[in-house]
Amino acid sequence: MNYLIYHLQSNTPVDRWLVAGTFEQEKEFEKITMDYSGDLNKWLTEGFSIFENPSRKEFIDLENKVEKEKIKTEKIYLGESLQYGSSTKEWQVYFPWKNKKVERSGFWQQPTHLKAWAFTNIHSKIARKVPFVLSTCGSVVLWINGEKILQFSPYTRNEEKEIQFEANLREGKNEFIILFEDLAERDTLFYFRLDYFGKDNLEMILPVGNIKPESIKALEDSLGNAYFESDVIKTGDVKIHFENPLEKEIHLKCALKSEWWDEKREFKKVIAPGEKNAVLGKVEEMGMGNSLLTISVQHQNVILHKDMFIQLYPEKMIPTGSKDSLLSRRNQTLNFIAEFGKKDMHRAYALVKTGRELGLAETLVRETLDDINRRFDCSDFYLNQLFRFWIEFRETDLFYEDFWMKCKQAILNYRYWFDEPGNDVMWFFSENHALLFHTCEYLAGQLFPNEIFPNSEISGFEHMKKAKSRLFKWFEKFNEEGLAEWNSSAYIPINVMGFLQIYDLIEDMELKRAAKKALDTTFRLLAINSFNGYLSCSQGRIYEKELKGNYNNATTSLLWMAYGVGNLNNATFATTSFSVSEYKPPNYMDLLNLKPDENLLFRNSQGSKGFVDLYTFKNNYGLLSSAIEYRPGVKGYSEHVIHSILSPEAMIWINHPGEEAELGTGRPSFWAGNGRLPKVDQYQDIAFVHFKINQEDEIHYTHAYFPIAAFDQIVIDNNWCFGRIGDSFVALYAKNGLVLQEAGQYKNRELISLGRDNIWILRNSHIRQFPTFEHFIESMKRAEMELSEDHILFYDPVHGVVESPWQGPLKANGEIRSNTDQGTMGAIEKWVISDMKI
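First residue of the sequence shown: 1, per the working numbering; consecutive thereafter.
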């Protein structure tokens with residue numbers, strides 16, 4: 001037997017295990033109702049637990065009565081099978097890739113009981129008692145050397161809890177067996193973490209059969225250092241830098257998907273010995289999307305999996321027809337979605353509307369009906385399009401009567417709000433879901449006013465009345481407060497879907513007017529906060545794929561259809577409905593296409609009681625956007641509070657990582673959101689970002705996304721990094737210095753600054769302010785600044801003295817610049833760029 005051996009130092013996680021799992025069992029619970037009348041966005045600041053699914057309590061009560069039994073350990077080694085219940089899983093090495101947890105997180109559309117087993121040996125030179133800390137959101141049972149040490153079962157959905165304990169280790173190897181469990185409800189953080197706090201170094205030892213341990217470690221190092229030259233590929237080969245360290249061929253299995261639940265596209269590649277690059281294929285062959293690429297390498301019995309992000313936007317796929325009118329752009333979009341769109345209900349509509357592949361359309365609808373009938377989370381995103389499909393095609397002879405009856409039954413049997421009986425995990429508690437549930441309920445009642453809906457036991461007419469009241473309350477809140485999920489590339493398309501269905505399909509004229517007003521407001525905000533057609537700014541709820549994926553975001557396609565800026569893509573949410581809608585957006589071209597010598601400043605507030613104050617400054621050279629003084633020092637979620645863009649690919653933002661796992665499932669994650677929110681001040685094209693990271697926060701650094709491949713020139717000099725693309729410039733400064741990441745998938749796009757207390761400067765500029773890039777660099781480096789732990793005074797070459805404290809307002813040349821209480825519609829200022837050059 002060969003063994004993988006890793007060092008275990010004090011104050012570090014036990015992160016080397018063999019893992020068998022995940023064993024899954026869908027659960028059925030009693031159908032119950034929920035009652036809540038407060039702010040649906042409250043969970044964004046107070047956590048999921050305030051909307052806990054009552055079925056979870058039923059699950060916990062049952063599980064706490066179950067005695068957990070240890071598995072046999074005689075045959076635990078790499079490649080051996082574990083039979084547990086009626087399922088069999090293979091023991092595999094867990095490769096953490098910087099993740100301190102043993103994690104199997106994901107997305108489950110229905111309540112699902114998850115179980116997984118983990119095994120490791122911890123070697124101690126002497127017998128001793130050592131301290132550990134165990135963390136989980138679900139339940140963990142730990143056995144050491146056959147003895148049950150503890151069972152820790154907080155079952156606090158996606159909210160980590162921990163327990164401290166001591167364990168007696170004998171001299172030599174000590175067998176650790178862990179059973180970890182949880183009840184999955186949609187996005188689920190399924191993991192455990194075991195931290196060692198003893199004084200002396202130990203070893204983690206894994207049995208791997210006949211495989212040479214050094215070959216496993218070589219593959220781990222090689223895959224860990226794999227990277228793409230850029231996060232965006234538009235033409236040519238999709239090439240990954242990955243060096244084969246073995247003396248034989250390596251077989252790569254690759255899987256592409258853009259959502260947890262999306263269909264995977266799989267392909268294989270062979271890498272010869274010593275080869276340093278792998279061409280995965282032509283970008284046109286791999287499709288379009290902001291994709292999660294999972295690379296799997298198998299060597300004898302060991303399988304290594306690594307996730308990487310890549311934005312694929314094959315320019316050759318884009319049609320070259322006229323885009324001069326709204327109608328022509330809408331037609332191009334509809335046809336493009338029909339041919340290349342994601343396989344969902346929205347594409348099914350496009351296929352039928354354009355007279356293509358009725359068989360594929362019917363298949364997609366039937367698959368959607370299954371999701372609706374099973375009440376999958378996010379099924380409301382697709383049900384809303386079923387109503388448009390029904391209204392337009394029901395009276396045709398395109399489909400058999402049996403097909404339409406299945407559509408009708410799905411509509412009648414749906415759960416339209418949490419006050420109706422259900423045992424599902426559909427998420428009702430956000431502004432985008434609430435809008436779509438109410439829209440679907442109204443349309444269902446409008447279609448079938450005299451039918452009794454079995455789940456609610458009320459008529460369609462009663463449903464319509466309830467939905468109308470709920471929709472008016474939703475619009476009233478929207479008009480008064482705006483959105484807590486401000487400027488979100490992920491969720492604005494969901495809202496637009498609802499608005500369009502109301503405007504086009506609902507017969508009530510008051511609701512139609514409310515929807516039109518909401519659409520006008522939304523397109524105005526899109527126009528103001530976008531740069532050259534890309535909504536790339538501070539956002540209230542965001543994920544890494546939308547942050548990096550400008551070419552493929554649905555908001556990009558919406559702006560392209562509406563105004564001819566940005567680009568066409570294959571996103572289906574909202575774009576399908578907008579391509580056929582009667583709605584015509586107002587002419588906001590003066591907010592999109594600024595004059596060559598024009599600056600625009602927009603300040604507004606969003607959310608309940610001025611939840612957030614927003615600031616956007618832009619001109620033809622770039623955009624800088626921030627959430628001013630948004631909850632500084634508080635734990636964050638998915639809020640994106642500072643952002644600069646000079647091109648669709650040349651973007652910079654700064655954040656405190658919520659987790660170190662690359663492409664992890666945390667909210668906040670490595671790039672999206674903040675573990676600890678900073679204080680941000682902004683004055684025109686300069687922003688100051690103050691971080692004060694608590695001692696309780698494990699990650700003690702902040703970093704910036706700065707993709708070097710997107711720029712024409714880059715200069716890194718101690719605390720400064722400068723970038724140029726065309727005539728646009730950007731400067732980034734960190735008080736604690738900057739270190740460029742030179743390994744792994746974030747090679748040449750991550751700038752790290754160590755330290756819990758830090759102050760950053762982010763400054764956009766251009767050739768109208770400085771005659772050359774070199775002048776810009778020297779002027780910024782020579783600029784005086786006064787720095788303390790809580791305060792920065794910066795003598796900007798253009799703006800004069802700008803002062804930003806941790807507490808208190810920003811000042812420019814001694815004058816307080818207040819950015820509060822601007823209202824949801826906000827204030828727009830425009831002025832001419834000064835021709836003065838430094």
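Please note that the accuracy of each hint is not assured.
When the alpha-carbon atoms are kept at most 20 Å apart in a straight line, the in silico EDC-like pairs for lysine to aspartate or glutamate are as follows [said to hold, decoys possible]:
{"hint": "1", "residue 1": "Lys-161", "residue 2": "Glu-660"}
{"hint": "2", "residue 1": "Lys-635", "residue 2": "Glu-166"}
{"hint": "3", "residue 1": "Lys-57", "residue 2": "Glu-30"}
{"hint": "4", "residue 1": "Lys-100", "residue 2": "Glu-159"}
{"hint": "5", "residue 1": "Lys-129", "residue 2": "Glu-166"}
Hints listed in this document are in silico derivations from the structure and should not be mistaken for laboratory results.
To see whether the hints hold, each was checked on the structure:
1. Straight-line distance between C-alpha atoms of Lys-161 and Glu-660 comes to about 18 Å, which keeps the hinted pair within the 20 Å bound.
2. For the hint linking Lys-635 to Glu-166, the alpha-carbon distance of about 30 Å lies beyond 20 Å, and the restraint is violated.
3. For the given pair, Lys-57 sits about 11 Å from Glu-30 by alpha-carbon distance, which is consistent with the 20 Å threshold.
4. This hinted pair checks out: Lys-100 and Glu-159 have alpha carbons roughly 16 Å apart, not beyond 20 Å.
5. Between the alpha carbons of Lys-129 and Glu-166 the distance comes to roughly 6 Å, so the proposed pair stays at or under 20 Å and holds.
Hint 2 alone, counting from the list given before, is not met by this structure.
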